[in-house]
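> Now for the letters of each chain:
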Amino acid sequence: MSQSRERLFAPHVDSFNYFLGPGIRAAVNNIQKDFVVGPNDERLTFWWEDPMIMKPTKSGSGYKDNRLFPKTCRESKTSYTGAFSAQLCVQINDNEPTKLHRRIGNLPIMVKSSRCQLHNFNAKQLVLRGEEETEAGGYFVINGLEKLIRLVIAYRKNYPMAVVRGAYSKRGTRYTNFGIQMRCVRDDQSARTVILHYLNDGTSMFSFNIRRQQFFVSVGFLMKALVDVSDKQIHDDVLVGEEENTFFVSCVEQILLQSHSFGCFTRASVLAYIGQRFRTACRWPPWYTDQQCGEDLLKEFILVHLNTNKEKYQMLVLMLRKLLYLASGRLNREMEDSPEYHEVLLPGHLILNIVKEQMTLWLAQFRKTIEKHLSDYPSENVTDPAVWKKCADKTPNPICKRVEYLLSTGNVVTDSGLDLQQISGFSIQAERLNFLRFISHFRSVHRGHFFTEMKTTEVRKLLPQSWGFVCPVHTPDGSPCGLLNHLAARCEIVQAKADTDLIPRTLVGLGMSPAAEDPHITADSAPVLIDGRIVGFLPKEKLGEVAHQLRYLRVSQPHIVDPTVEIACFPHTQHFSYPMIFIQSTPARYMRPVRFRPTGAETFIGSLEQSSLDIACLPADVTDQTVFEELSPTSMLSVVASLTPFSDYNQSPRNLYQCQMGKQTMGIPTHALPYRHDGKSYRMTHPQKPVVRCQAQETYSMNDYPTGTNACVAVISYTGFDMEDAMIINKSAYERGFGHACIYMTKEISLEEESGRKTRGKAEYRRLNSQFCNIDLSGNVIEPRLDIDGLPKVGTYINEGDPLCAFLGEDGKPHVKFHKGQEGGTVEAVTLVTTHTADPSAKPDLVRIRLRVNRNPVIGDKFSSRHGQKGVLSVLWQQTDMPFTESGITPDCIINPHAFPSRMTIGMMIESMAGKAGGAHGIFQDSTPFEFNRNKGTPMGEDEKTLIDYVGEQLAKAGFNYQGSEPMYSGVSGELLRADIFFGSVYYQRLRHMVSDKYQVRTTGPINPLTHQPIKGRKLGGGIRLGEMERDSLLAHGVSFLLQDRLMHCSDETEAYMCQKCGSLVSVIANPRSSAEQTSSLSRSCRACGTGEFVGKVRVPYVLLYLINELSCMNLKLIIKASSYAQALEDD
Amino acid sequence: MINPQKNDPKIRILSCTDEKIVFTLREVDVSVVNSLRRILLGEIPSMAIEMVEIINNTSVLPDPFIAHRLGLIPLTSNYIQDFNFPQDCNCTSTCDNCCVDLQLSRKAETEQEIGVYSADLISTNPRVTPVRDPETPRGILLLKLSAGQQISLKATAKKGIGRHHAKFSPVSCAVFSYEPDVRLSQAIIDDMPANEKEAFVTSCPKQVFSSDPMFSVIKIHDQDHWNCMFCQECVNWAEENHREGLVIVKHREPNNFKFTVESTGSIPAAMIVKLAIQQMMKKLDLCRQATDNIGNQLTVLGSLDGEYLESDL
Ligand code: SF4
Ligand SMILES: [Zn+2]
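For the protein sequence lines, the chains are A and B, in the order given. The UniProt record's numbering puts the first residue of the first sequence at 1, with every later residue one more than the last. The UniProt record's numbering puts the first residue of the second sequence at 1, with every later residue one more than the last.
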């Protein structure tokens, strides 16, 4: 398998591997111990240890090989899970802790992760297990469906970001828009976002969240809680270099004044004050002193990425300074929508957070259970292990359920909020419509659910900062535009925290004074931060040089500066920024490879780092000072976008459309088709490799999953059938296989559902009596068209209403299921499985019948080239009537020249020429965008030909016209056409939108019971709405009878009786039938007028009756003046 | 409109093999030549597999896919005249006069993957067999079978024409081209320096012009003008280089045509052309009969002073 292609799935697989290994261990270690105090003051402490996650196995016994493989789960609609267990440690007072091995549950396991049975399988083994030969995993199997966790954007870890946000000023009186926001993240990836607010009285408030509730603390007060510090010290620390600045001075004065107002003057008293205030919010145990509570608050909620209070104090000073600069207008706001300040929330990290929270909650629940148990049974002793075991068993255990729930619904159930921006929409189904679509799921990054409803378009904008990290082309048009982005093909997500221990020493060698040694900070010193911790200070003018030195070390001495470390430098020469060096080694950041020119090696740079770098894109941009150079100009494109040939010649929206259409193409979705049971999958039967292809096609081995055919395309207005983006296909080409495709539909019949019993989940599992069978209890055949086992023969054609399977129900009665749906298909495979994988002897209770439906092109089916030029097939044209060239070639399809001028897809024209030349010479053509004339402007590029000349010469050599056009003869008359026709070979894709899935026909049919109007919906046999606009255009054409036909006769025409005298439709009633008159029709009379003299029959829309009825309920009377046609003529 | 002056066709065969025939047609109208082309493509009957009964197929390819591939195999149809069109045959369903049965049965017995070729199709009628040529004695690869897989089927070939399905068309290419008339102005050539002459000669993608190594004279060799495809590159070159009038390219008047027919192998190329001309004659006969009939009726109705127009035609 192509290495590069496997890398595309790395953000998912690697992060889950992190979760399985170091992640879960770190998280479990970080979980706070919980305890119970018994009646005799004995203290029972308990915590988790040694988490263990096993490879998935079948749960029952009696299997020779009890390994569970993803294929089995897909087939049996179960989840691919592995056993998760841990040691519950219980300690009495300070005795030796007792360890209880607890099985926590079954945790979903990501396919191809290190706990997957397929881990390290080679291609052959994978195929043997019914998987793709090139399976790369990255998804989970939940109830038989392939689900993955979508990457969602989070703010960069541990970076004090200067934001201006309107919402801040709504936090309280005097609050302004200014704030410094910081998302602090511990090593186990649990996060706490804090904000330092600026208030317009010059003070500043520090805000943080406890269980999704926001709290504010005065910043000066917080500083005093962190360290024993004098007012003078705070004053000096904050005012370094700004001693003369009256704004700064007055602000600091205000802050200090404010900190006095609480009457606390020592650190201890401040801590006690805080601790006491937050006691209820934090639920500390009652024996904690207020001061302890205060300490704990600082540890758990304030700047949690830092370990010591001194570091936190220094960070607060930095944040406050930054805030004051921002408020005074000397610092630019940092764009929170820019990828510089973003990273992604990885699946492994999300799951880790959920598991950690759930395990913490379990301990709390366990405590409650013990407490309740002790109060219920006061005689029992808390130190008795039997009691804990009983309580542990009684404590509900939803840990793994929560993860499974997340994967199946995308919703997070959380108590603390987990510092997430959203709690739903995390999971998506990995559709294998074609490989491009499949791969895009794993490369997509969503901005966040919150932004989808936002009115402003600010967040959707494409920023220059996203170059190389987020693809500018690959985003859907329509509502998620700009919010659902895709990673550039070479962009990587950092997976592990790198070792940074050696960096501070190196920095000291480069002239840094370490922060730990209380350096004398002067006006011209700038801080150096590693992972949000101030490690020291450097003279401002040395920042750039030091950063360069570090970057050099990153390439030459990877053991000192790891290649995944990001070195962002804000030099003092850059105006309106806060000078510092920000070094980051944490995971989940974007990084991408560029060339480091001093050594010529590849190096990774981060998104924050990139903004202050000068990176040469093309050789002509290189100067003597250039340090970084792009590997290729295409590195800004995503996988899908980099497959568009010559996309640099197209108008940009067309490339965007191609990214959409590429993902809707029929092709080869998967090679494991016989082992898969997707509800619907599309397959092209005659796919080809494209003659004109980009390098990415090879790099990512896309030829394994071709999505189209090379077609001879003539651009000519020939028959009139090619108007408005319609295309004509040569009937002979069609007959020889052009565009042929089929779809596979899987019909599922579950005996469990049929019997009305949901027995999934082992607890209530009971053997079903029902079974697939074609012989009823009295020995008769149930359905002669089926096989003896009650299933259809492979190869039979099943039409609507034909039997799919027969079975005996729970009560022994025979049942037959019939095929619904208008379209028939051939039975390609019948799979019988049991959903009870735990029971080796369980009888099959689920049958899947895979139908193959032929879908050769018919008029109205959609095709497209790779340049966003879609069109529908309008006619299959005889080959004899098609125009032909000198050499006797007739085009496979004809498109109209009008498709080009407004869309400006020059790339398609070049593809056409290049394809023709490639076909003539028997070569594949390279169409990588920006590759041609890349050296333009340098000596190397001087005598390079332009692309057009290059292709033109190839064409001329093959005996074609230089410009790709050819004289053509009319197939009808044989005469030369008066214009040269642009004729070449273009790779055509067939899109999945087909007429057979969409046509809607109705004369009469089901109606809405209330209005008697036709219902909508194709599946239900409804009609298509003829709305106001359609009505208007029919009126404008003067075709009122057509209108009457549509809106009356074919809709809700009904016969009603009205009284002409009072003009009412509701007052007419049928007279009671007297025994005397036995005539057929009833006589009617008007109740209002008391006579039937004026009652007449009218034909009105049924809704009119309904309206009149409703109005009369509101005491409104609708009078209709009516007379017969003859009468009306008389009156005139 | 057929020009009576040009209606004296002369045919000259330039080359002829079983696969390909090239001939010129002189003094004939384009409508005639194009009719011939259209008949060649769409109306020459040949045999092709029309019905497939799959007995067993354990290969990875679905039945319709294999059936489609079988249909496209060219079958030898030299005796096509002896067969009836299924719709014209006297039989009730199938008979030897309208159908040929073929059989295919292969199994991959060993671990080795095997290919199933068109030559594996066994015909019941030696006159109608899958086309083979010495270079590829096994014919066309239909599908591959891996260990244990099996295919067995019965197929029925019938007679049909290309207009109904491309598989019945016996030609892979049937095309004509106009004889070009490329004229050089000697006066301008004499005026041109050698490098310009060279540039002019190379401007033609089809190498219509030739010249001596020194680029003193430019000539069009005997048959070379046939290569011209009317792309006007040479004319454009002349215009761009201010040598208007250096070269003129147009269709020769009266029109002459070069006709190329390539066979799929089912019928020898020359025979296809013969069949096409026969077919054309048959059509013209029908046409003449019709016109004769109309003419007869016109004389009968002539006495009615033109009122026949509405009633009888
Ligand atoms: S028209 Fe084209 S092919 Fe013909 S002679 Fe001129 S350049 Fe050559
Ligand atoms: Zn017959």
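If you are wondering where the hints come from, they were derived from the structure by calculation, not from laboratory data. Just so you know, not all the hints are guaranteed correct.
Within a straight-line C-alpha distance of at most 20 Å, the following computed DMTMM-like cross-link-like pairs (lysine to aspartate or glutamate) qualify [said to hold, decoys possible]:
hint: 1; chain 1: B; residue 1: Lys258; chain 2: A; residue 2: Glu975
hint: 2; chain 1: B; residue 1: Lys250; chain 2: A; residue 2: Asp704
hint: 3; chain 1: A; residue 1: Lys99; chain 2: A; residue 2: Glu49
hint: 4; chain 1: A; residue 1: Lys793; chain 2: B; residue 2: Asp224
hint: 5; chain 1: A; residue 1: Lys124; chain 2: B; residue 2: Glu113
hint: 6; chain 1: A; residue 1: Lys793; chain 2: B; residue 2: Glu240
hint: 7; chain 1: A; residue 1: Lys957; chain 2: B; residue 2: Asp63
hint: 8; chain 1: A; residue 1: Lys1019; chain 2: A; residue 2: Asp725
hint: 9; chain 1: A; residue 1: Lys957; chain 2: B; residue 2: Glu233
hint: 10; chain 1: B; residue 1: Lys197; chain 2: B; residue 2: Glu240
hint: 11; chain 1: B; residue 1: Lys250; chain 2: A; residue 2: Asp980
hint: 12; chain 1: A; residue 1: Lys957; chain 2: B; residue 2: Asp224
hint: 13; chain 1: A; residue 1: Lys793; chain 2: A; residue 2: Glu783
hint: 14; chain 1: A; residue 1: Lys998; chain 2: A; residue 2: Glu783
hint: 15; chain 1: B; residue 1: Lys144; chain 2: A; residue 2: Glu828
hint: 16; chain 1: A; residue 1: Lys843; chain 2: A; residue 2: Asp881
hint: 17; chain 1: B; residue 1: Lys283; chain 2: A; residue 2: Asp881
hint: 18; chain 1: A; residue 1: Lys124; chain 2: B; residue 2: Asp224
hint: 19; chain 1: A; residue 1: Lys461; chain 2: A; residue 2: Asp477
hint: 20; chain 1: B; residue 1: Lys144; chain 2: A; residue 2: Asp704
> Evaluate each hint against the coordinates.
A quick look at each hint next to the structure:
no.: 1; hint: B:Lys258 x A:Glu975; in the structure: holds (14 Å)
no.: 2; hint: B:Lys250 x A:Asp704; in the structure: violated (49 Å)
no.: 3; hint: A:Lys99 x A:Glu49; in the structure: holds (9 Å)
no.: 4; hint: A:Lys793 x B:Asp224; in the structure: violated (64 Å)
no.: 5; hint: A:Lys124 x B:Glu113; in the structure: holds (16 Å)
no.: 6; hint: A:Lys793 x B:Glu240; in the structure: violated (72 Å)
no.: 7; hint: A:Lys957 x B:Asp63; in the structure: violated (43 Å)
no.: 8; hint: A:Lys1019 x A:Asp725; in the structure: violated (28 Å)
no.: 9; hint: A:Lys957 x B:Glu233; in the structure: holds (13 Å)
no.: 10; hint: B:Lys197 x B:Glu240; in the structure: holds (14 Å)
no.: 11; hint: B:Lys250 x A:Asp980; in the structure: holds (14 Å)
no.: 12; hint: A:Lys957 x B:Asp224; in the structure: holds (17 Å)
no.: 13; hint: A:Lys793 x A:Glu783; in the structure: holds (13 Å)
no.: 14; hint: A:Lys998 x A:Glu783; in the structure: violated (32 Å)
no.: 15; hint: B:Lys144 x A:Glu828; in the structure: holds (19 Å)
no.: 16; hint: A:Lys843 x A:Asp881; in the structure: violated (61 Å)
no.: 17; hint: B:Lys283 x A:Asp881; in the structure: holds (18 Å)
no.: 18; hint: A:Lys124 x B:Asp224; in the structure: violated (58 Å)
no.: 19; hint: A:Lys461 x A:Asp477; in the structure: holds (13 Å)
no.: 20; hint: B:Lys144 x A:Asp704; in the structure: holds (18 Å)
Hint compliance for this structure: hints 2, 4, 6, 7, 8, 14, 16 and 18 are broken, all remaining hints hold.
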